[in-house]
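Chains as they are written, first to last, in our numbering: chain A, 1 to 104; chain B, 1 to 104; chain C, 1 to 104; chain D, 1 to 104.
Be aware that one or more of the hints could be misleading.
Identical copies go unnamed one by one, so any copy, or any two together, can satisfy a pair.
Below are the DMTMM-like pairs computed for lysine to aspartate or glutamate, each with C-alpha atoms no more than 20 Å apart in a straight line [what the hints assert, rightly or not]: (1) K95 with E36; (2) K93 with D68; (3) K19 with E36; (4) K88 with E24; (5) K9 with D102; (6) K2 with E75; (7) K2 with D102; (8) K100 with E14.
No lab work stands behind these hints, which were simulated from the structure alone.
The lines below spell out each chain.
4 protein chains.
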Amino acid sequence: MKKVIDAIKQFNKERDWDKFHTPENIAKSIVIEAGELLECFQWGSEYDYKQVCDELADVMNYCIVMADKLGVDMETIVLNKLEETRAKYPVDKCKGVSTKYDKL
Amino acid sequence: MKKVIDAIKQFNKERDWDKFHTPENIAKSIVIEAGELLECFQWGSEYDYKQVCDELADVMNYCIVMADKLGVDMETIVLNKLEETRAKYPVDKCKGVSTKYDKL
Amino acid sequence: MKKVIDAIKQFNKERDWDKFHTPENIAKSIVIEAGELLECFQWGSEYDYKQVCDELADVMNYCIVMADKLGVDMETIVLNKLEETRAKYPVDKCKGVSTKYDKL
Amino acid sequence: MKKVIDAIKQFNKERDWDKFHTPENIAKSIVIEAGELLECFQWGSEYDYKQVCDELADVMNYCIVMADKLGVDMETIVLNKLEETRAKYPVDKCKGVSTKYDKL
Numbered sequence: 001m002k003k004v005i006d007a008i009k010q011f012n013k014e015r016d017w018d019k020f021h022t023p024e025n026i027a028k029s030i031v032i033e034a035g036e037l038l039e040c041f042q043w044g045s046e047y048d049y050k051q052v053c054d055e056l057a058d059v060m061n062y063c064i065v066m067a068d069k070l071g072v073d074m075e076t077i078v079l080n081k082l083e084e085t086r087a088k089y090p091v092d093k094c095k096g097v098s099t100k101y102d103k104l
Numbered sequence: 001m002k003k004v005i006d007a008i009k010q011f012n013k014e015r016d017w018d019k020f021h022t023p024e025n026i027a028k029s030i031v032i033e034a035g036e037l038l039e040c041f042q043w044g045s046e047y048d049y050k051q052v053c054d055e056l057a058d059v060m061n062y063c064i065v066m067a068d069k070l071g072v073d074m075e076t077i078v079l080n081k082l083e084e085t086r087a088k089y090p091v092d093k094c095k096g097v098s099t100k101y102d103k104l
Numbered sequence: 001m002k003k004v005i006d007a008i009k010q011f012n013k014e015r016d017w018d019k020f021h022t023p024e025n026i027a028k029s030i031v032i033e034a035g036e037l038l039e040c041f042q043w044g045s046e047y048d049y050k051q052v053c054d055e056l057a058d059v060m061n062y063c064i065v066m067a068d069k070l071g072v073d074m075e076t077i078v079l080n081k082l083e084e085t086r087a088k089y090p091v092d093k094c095k096g097v098s099t100k101y102d103k104l
Numbered sequence: 001m002k003k004v005i006d007a008i009k010q011f012n013k014e015r016d017w018d019k020f021h022t023p024e025n026i027a028k029s030i031v032i033e034a035g036e037l038l039e040c041f042q043w044g045s046e047y048d049y050k051q052v053c054d055e056l057a058d059v060m061n062y063c064i065v066m067a068d069k070l071g072v073d074m075e076t077i078v079l080n081k082l083e084e085t086r087a088k089y090p091v092d093k094c095k096g097v098s099t100k101y102d103k104l
């Protein structure tokens, strides 16, 4: 992962784009790219594999930039959040159902 | 990264949630979580650090699930896309400006 | 408003697009278009007036289709929801602040 | 429609919320609410009718605020955009298919 983070940072540094990358602008960028990813599925469940990979990569790219701006380690926050979600969704209550935790 | 992917897969397997995780539903989930991340910045640039980390983790979690469903390696697709973006945004044309490639 | 609704319905009928317009697909379309609207503000508060109007129109178009599919009157649901929001945000508690109701 | 616009403006004025409603913040709000609307369909095509109406109303509310901020008439911009879309999607090319205009 470090290799990817470094490549992205180098890419942005060469372009002097750091000044645009406030957490607020990155949050906007993540949702914009997520919308483009969803566009691959706008009218149904079939999709263009290459296009989905490309759009997913764009979302990930900005997520990595955001984590870097926040000074957090991606893997750590994902694992931490998973523990919190575990508490909200006990296996015996949510197994096999997609009900939201506040309605379990 | 492998550790995180395995933790997420185990988490979903325990809950029998795999059946909900079609690429289409995951794409929806990514944009839904991205919207929650943006909500941290709805009225301005100030933000609650813990909340932003949590929402970012949720976006990342679904991105990881998506990559797993597609059978692609996250790092590979991000690096590949970066190369494509490099071609669209040559340093001499885009340095220090946020102009979109089709207007450069 | 009736004139607009009829124009949109006629437009979609001519193209035989009704079959794509399930509530689920329309919900996806609304968020996709909303992402494009946000793209006008991706890197800051300045914006292209014509582009913002165009993207806003796309969001509205799909909102109108959704209301039509649900068989509800747009104005009625907006006014009803405003009453619910009024209860959540009493003037004396929320005046001049952007705090979310669950933290007021 | 005028009645609804006035009700929303009065609602926001009473709360002194106008100062938060920059076009940029409203664009963020539209996509945030659109994400909540999509959440009603996160795991499939079935939905809670009341909840969908409520979330749609929230999206519409911010669209109306945006149009008001831009000083444009909602119906006018939707009809204008429909004419532009008509040119992009000639009936004989797009009838019955969901292909995007750039691939028609």
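So which hints don't hold here, by number, going up?
Hint check: 1, 2, 3, 4, 5 and 7 fail, others pass.
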